[in-house]
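Undergrad: Residue numbering for the sequence shown follows my numbering, starting at 1 and increasing by one per position.
Read the hints as simulated data drawn from the structure, not as lab findings.
Incorrect hints may have been included.
Below, simulated DSS-like cross-link-like pairs (lysine-lysine); rule was C-alpha separation at most 27 Å, straight line [as the list claims (entries may be wrong)]:
id	residue 1	residue 2
1	LYS21	LYS215
2	LYS197	LYS129
3	LYS129	LYS215
What follows is a set of in silico ranges between Cβ atoms, one per label pair, in the way DEER data are often shown [said to hold, decoys possible]:
id	residue 1	residue 2	range
4	ASP185	MET1	32 to 38 Å
5	THR150	ARG84	31 to 37 Å
6	GLU210	LYS65	47 to 53 Å
7	GLN29	ARG213	36 to 42 Å
Glycine included, each C-beta is placed from N, C-alpha and C at the ideal position.
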Amino acid sequence: MLIVIIEDDKRLRGELARFLKTLGYDTAQPDDFEHITDEVRRLPADLILMDVGLPFEDGYELCRKIRGEKPVPVIFVTSRDSSRDELESIRAGGIDFITKPYDTLILAEKIRRALALTDPNNFRQIERKGCVLDLHLSILRCGEREVELTRNEFRILYYFFMNDGRIISKEELLDQLWNEKFYLDENVLMVNMTRLKKKLREIGVTDLLENVRGKGWRL
1 MLIVIIEDDK
11 RLRGELARFL
21 KTLGYDTAQP
31 DDFEHITDEV
41 RRLPADLILM
51 DVGLPFEDGY
61 ELCRKIRGEK
71 PVPVIFVTSR
81 DSSRDELESI
91 RAGGIDFITK
101 PYDTLILAEK
111 IRRALALTDP
121 NNFRQIERKG
131 CVLDLHLSIL
141 RCGEREVELT
151 RNEFRILYYF
161 FMNDGRIISK
171 EELLDQLWNE
181 KFYLDENVLM
191 VNMTRLKKKL
201 REIGVTDLLE
211 NVRGKGWRL
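Generate coordinates for the entire structure from the input sequences, incorporating the hints supplied.
TA: Encoded structure:
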């Protein structure tokens, strides 16, 4: 899956590309904004993340041009947060709209849903170590048993599933999962980790999340 990032802020573009890499996506970051339409035209994009305030022409007009040539889904990622801007993104052909600063996991969900509209067989679930995380129902299934997860439990486990085999520190979890909409301090994190492990034990799963002493946890 190739996601094209159209963002004129080099730092933000790089941060977004690194995040998408942790989710398993390939990215392209065209930066010749004077000829951006031609650059995008040459890329086999599965989805485009589009800023609005671009050099030479705004993202709305660029979206109209791109969507006029191929039906690639476009999600607007912008600091503009008025209802007028959101309406304009719809009129331009955007499939979704998210404002900066954004919750990375909400963006990940919007990406999954946008891709699922293109191919409904994509991104319904993730399987790791014999367990399946249902992305739509927030349910973990292991063998014949399943457990429903709260929003924070799902967000935590989803991050581990997307970083399978890598040690995740407490600090990284707090950095990735905390924002204005989803408050997660150290105490809240540890309470949710305890509850999550208890739920895993209740369905007979004891080795999905490994404690790595002094470093964090690993799926």
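Undergrad: With reference to the structure, classify each hint as holding or not holding.
TA: Evaluated hints:
1. LYS21 - LYS215: Cα-Cα ~22 Å, so holds.
2. LYS197 - LYS129: Given that 27 Å is the threshold and the Cα spacing comes to 16 Å, the pair holds.
3. LYS129 - LYS215: holds, 22 Å
4. ASP185 - MET1: 32 to 38 Å: Given a distance of about 34 Å, which is inside 32 to 38 Å, the answer is holds.
5. THR150 - ARG84: 31 to 37 Å: holds, 35 Å
6. GLU210 - LYS65: 47 to 53 Å: The hinted range 47 to 53 Å holds for GLU210 and LYS65, with Cβ atoms some 49 Å apart.
7. GLN29 - ARG213: 36 to 42 Å: holds, 38 Å
Figure legend: structure checked against the earlier numbered hints; every hint is met.
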